[in-house]
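Peer 1: Residue numbers (numbering that gives the first Met the number 0), protein chains in the order written: chain X, 0 to 207; chain V, 0 to 389; chain F, 0 to 257.
A portion of the hints provided could be inaccurate.
As the list claims (entries may be wrong) - Quick look at which bits of chain F chain V covers, simulated, 3 or more residues with Cβ under 8 Å:
{"#": "1", "region": "18–29"}
{"#": "2", "region": "206–213"}
{"#": "3", "region": "235–241"}
Claimed, not checked - Distance ranges between label pairs, derived from CB positions:
{"#": "4", "chain 1": "X", "residue 1": "G160", "chain 2": "F", "residue 2": "L86", "range": "37 to 45 Å"}
{"#": "5", "chain 1": "F", "residue 1": "A67", "chain 2": "V", "residue 2": "L228", "range": "21 to 29 Å"}
{"#": "6", "chain 1": "V", "residue 1": "D37", "chain 2": "F", "residue 2": "E87", "range": "45 to 53 Å"}
{"#": "7", "chain 1": "V", "residue 1": "K104", "chain 2": "X", "residue 2": "S40", "range": "52 to 60 Å"}
{"#": "8", "chain 1": "X", "residue 1": "H94", "chain 2": "V", "residue 2": "L228", "range": "47 to 55 Å"}
{"#": "9", "chain 1": "F", "residue 1": "E87", "chain 2": "X", "residue 2": "S171", "range": "34 to 42 Å"}
{"#": "10", "chain 1": "X", "residue 1": "P159", "chain 2": "V", "residue 2": "L48", "range": "39 to 47 Å"}
Claimed, not checked - List time: in silico DSSO-like cross-link candidates among lysine-lysine, alpha-carbon distance up to 30 Å:
{"#": "11", "chain 1": "X", "residue 1": "K131", "chain 2": "V", "residue 2": "K35"}
{"#": "12", "chain 1": "V", "residue 1": "K223", "chain 2": "F", "residue 2": "K68"}
{"#": "13", "chain 1": "F", "residue 1": "K68", "chain 2": "V", "residue 2": "K227"}
{"#": "14", "chain 1": "V", "residue 1": "K80", "chain 2": "X", "residue 2": "K130"}
{"#": "15", "chain 1": "X", "residue 1": "K130", "chain 2": "F", "residue 2": "K114"}
{"#": "16", "chain 1": "F", "residue 1": "K2", "chain 2": "X", "residue 2": "K131"}
{"#": "17", "chain 1": "V", "residue 1": "K226", "chain 2": "F", "residue 2": "K68"}
{"#": "18", "chain 1": "F", "residue 1": "K68", "chain 2": "V", "residue 2": "K211"}
{"#": "19", "chain 1": "F", "residue 1": "K2", "chain 2": "V", "residue 2": "K1"}
{"#": "20", "chain 1": "V", "residue 1": "K244", "chain 2": "V", "residue 2": "K257"}
These are calculated hints, taken from the structure and not from any lab test. A virtual CB, placed ideally from N, CA and C, is assigned to each residue, including glycine.
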Amino acid sequence: MSTVAIIDYGRGNVRSVANAVEYCGADARVTADPAVIDDASHIILPGVGAFGDAMEALQARGLPEVLHRQAFEKGKPFLGVCLGMQLLADRSTEHGEHAGLGWIAGEVVRLVPGPDALKIPHMGWNAISVKKPHALFEGLYPGQLNFYFVHSYYFRAADPGSVVAVCEYGASFPVVVGKDNIIAAQFHPEKSQDSGIEVLENFIAWSP
Amino acid sequence: MKSCSKCLIPETAEATTFDDSGTCSVCRQIEFKEEKVDWDDRGKQLEELIAPFRGKGLYDCIVPFSGGKDSTYQAWYIVKKLKLKPLLVRFDHGFYRPQLEENNKRTFKMLGVDVTQFTPSWHIVRELMLESMKRRGDFCWHCHTGIYAHTMQIALRYETPLLFWGESLAEYQSFYTYEEMEEVDEKRFNRAMNLGMTADDMYEFLGGRVSKRDLYPFAYPPRKDLKKLGVRSVCLGNYIKWDTKKQVELIKKELGWKGAPVEGIPGQFDYEKIECHMQGIRDYLKYIKRGFGRTNHLANIEIRNGRMERDEGERLEKEFDGKRPPSLDIFLEYLHMTEEEFYEVAMRHQVDPHRFQPNQVESGPRMPDMDQWDRTDVPWPDRPSIKIGG
Amino acid sequence: MLKKRIIPKFLLRNGRLVKYVQFFEQEREAGNPVSTARVYNDYGADEFIILDIAPSEDSRQGVLDSIAKMSEQIFMPFTVGGGVRTLEHINDLLRAGADKISVNTQAVRDPGFVKTAAQAFGDQCVTVSIDYKAFAPGVFRVFTDGGREKTTHEPVDWALRMQDMNCGEILITSIDRDGTLSGYDVDMIARLNEALDIPLVVSGGCGGLQHCIEAFNAGASAVGISSLFLFTDHSPIKLRSHLVSNGINVRASTSSRN
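I would like the entire structure built from these sequences, with the hints used as guidance.
Peer 2: This is the structure:
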């Protein structure tokens, strides 16, 4: 059985992620403890809230180094969710300029309402289009690719090659980015009903 | 009301959608079934599914069994074709008809199967019928929950993890497609069977009139228990190509199964829904609420299979759907309800955009076995009113 | 494109689901909170809202326990409100599994609370719930304390002020229409849609499938529904298929599986 470390740095709704992972039949560990993280086969970095505050919280617990070792030296499957996706960028402009983990090249910038005067935050269900086939979406057909989003900033990827899926909201923007064993989604799989559960099941079964 | 450009299904049908050409999603599902599904491959999937269960426990599988056309065919197919030892599980809704019981006696003997039957208390059942009628204009909650919940409970009790239900929901409705091959699980139960009301909800609605344990037969067992047993609960109709008419011919020939006339439908469909003497009321309620009845449904199946022209379907629908069934008298006795109350409740539940015209109702014919339907008068002194919460 | 949302809305009173007409009349039992949440998850509703209408020290823990149980078996977004007064309470609700919290009375008592909460938990987390009532033809006022206390605020002005306090979403409820099945307050929806930049969830009065189309056409981002789902045979699946067939951009796949 897969053991999934769900990184708890005091921000956001980690319980829901853990519940969804357990529902998928895996062992979920909500933790910030390096030893527990080291024991896990898979890692999920969730997060809701403000970027700068979250980076500080990660740093205060020494987590950037711990996670880097797991993802880059040990090559464990790693999933970033929502803010946990954005944190992988080089930097963010949310309430001032903040440095990110810098794992996937790009920056996090505010969604602009655009000519259609769209409502911000981008809140609710939206369809995504998968640009590059990925294990995360195996077995889902296009009609099922609807996921729950809630965010006001997005991940502007520097390398188009890192973009796995995009979504339309005024303009098209990346919602799933990844490279090698690292994958990250702007949407909330733990809140996306059947489709989200299938994505998590795929992640838990993923051995890149 | 809009209806499908191919069949007669109207827009009030529960999960049906219509595409840009005005064709309904059920017609599209049947096209998919005919053209896209590789039934040889599905047959292989069936063998693979069965293999780990064959000869393992007390029974190889469970077949929920009323004795209607579909479950009789399921039982025949599982015993004769798949060579499995099933346990037939019956949940007695209280309205079995004489012809059905006669058929079953014969079927059980011919197939050589074990059968278990559970009959819930009438005192509880009528409380549930009335409450579900008040809240949804549909009195069948006790049957539609009991058939699933009780059967899953039996699977746990006999540690028999494989269950075979009948046709895929995709055959008649759009809760799932033939591509999805739905699992008959709690999700499907909540979505398509229980009218959005669980046994826990009923407990709250009935405010002390029934106890939690009274509702046990209607409560779906916990997911974790079913998961632990490794339950696979599937529709046979997702693995073999469902064809009701052919199947009826087969059970008539092989098992001596006999049909019976049913209220509100043409005699040519004498195989349909013979398992319940309240079927006419169910279909009449659907007509009041949604503007179509069982003849519409049966004609649609024929039209989709290319056995009937649309015009002929329309003609039959006009002649048979929406007639006041004589069994309404019995139903009103069961629920201690007046006919005015019946219409008042039913019409509260009309589904947009349908509007029922009560003054245009004609009476339908009386069924020949009606005298044999049970009419025991059971006092119900503190019967709640037809008002929700009353 | 972003989908329009279908949101069942449930009221909790001492651990039981209940429903009234115009906030106080005709109390009816509405089911078990946890199993109801499960059913609406399986129906593929897009979110749900649950409001504690008689909040107390005792009910608070009960609500937390209920939502913790819900989030074990349902995987959809939900908003919890009723008696939310402190950041600590918000934190407890989010930790128990809520995605958003809704603030009503406390926002009127202390508008800065909304801003502080948005800062602490993110804008998207904070929904401001506005109950309003007409007191003369065409003249509306915001009510607090579960519809008991009249304020001097006009709903559209108040919604704009709350938007300035960085709330993520506005939930409006017409007290006059609540539970009556008579249709949404389409004029108010159109006025609010015109004024606001943030998503608008509308509730109060939904009594038929067509009412939802009217609300969406007037600019609602989401429809909140109670009585229609609780007391009639219109399910979220029926509503969704009707909206799909009528060209409203809601979530749909080839079947109603979501």
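Peer 1: Each hint needs a verdict: does it hold in this structure or not?
Peer 2: Here's how the hints hold up against the structure:
Here the region 18–29 of chain F counts 5 residues with a CB under 8 Å from a CB of chain V, which clears the bar of 3, and the coverage holds. Judged by the Cβ-Cβ criterion of 8 Å, the region 206–213 of chain F is covered by chain V as claimed, because 3 of its residues qualify and three suffice. With 4 residues having a Cβ less than 8 Å from any Cβ of chain V, the region 235–241 of chain F passes the three-residue criterion, so the hint holds. At about 42 Å, the beta-carbon gap between X:G160 and F:L86 stays in the expected band of 37 to 45 Å.
Against the hinted window of 21 to 29 Å, the Cβ-Cβ separation of F:A67 and V:L228 comes to about 26 Å, which satisfies the hint. Between V:D37 and F:E87 the beta carbons are some 59 Å apart, a value that contradicts the proposed interval 45 to 53 Å. Checking the proposed 52 to 60 Å range against V:K104 and X:S40 shows it holds: the Cβ atoms sit about 57 Å from each other. Take X:H94 and V:L228: their Cβ atoms lie about 52 Å apart, and the range 47 to 55 Å holds.
Our hint of 34 to 42 Å for F:E87 and X:S171 holds, since their Cβ atoms are close to 40 Å apart. With their beta carbons about 43 Å apart, X:P159 and V:L48 fall inside the hinted range of 39 to 47 Å. Restraint check for X:K131 and V:K35: the C-alpha separation of about 26 Å stays at or below 30 Å, so the hint holds. Taken as a hint, the V:K223 and F:K68 pair is honoured in the structure, with Cα atoms around 14 Å apart against an allowance of 30 Å.
Proximity of F:K68 to V:K227 is assessed by CA-CA distance (about 20 Å); at most 30 Å being required, the pair is judged to hold. Distance check on the hinted pair: V:K80 and X:K130 sit about 46 Å apart at the alpha-carbon level, beyond 30 Å; violated. A threshold of 30 Å between alpha carbons decides the hint, and for X:K130 with F:K114 the separation of about 38 Å lies outside it, so the pair is violated. At most 30 Å may separate the alpha-carbon atoms for a hinted pair to count; F:K2 and X:K131 meet this at roughly 24 Å.
For the hint linking V:K226 to F:K68, the alpha-carbon distance of about 19 Å falls within 30 Å, and the restraint holds. With a CA separation close to 19 Å, the supplied pair F:K68 and V:K211 stays within the 30 Å bound. In summary, the hint linking F:K2 to V:K1 is supported, as the alpha carbons are separated by about 25 Å, within the 30 Å threshold. Pair hint V:K244 plus V:K257 holds up; C-alpha atoms about 13 Å apart against a cutoff of 30 Å.
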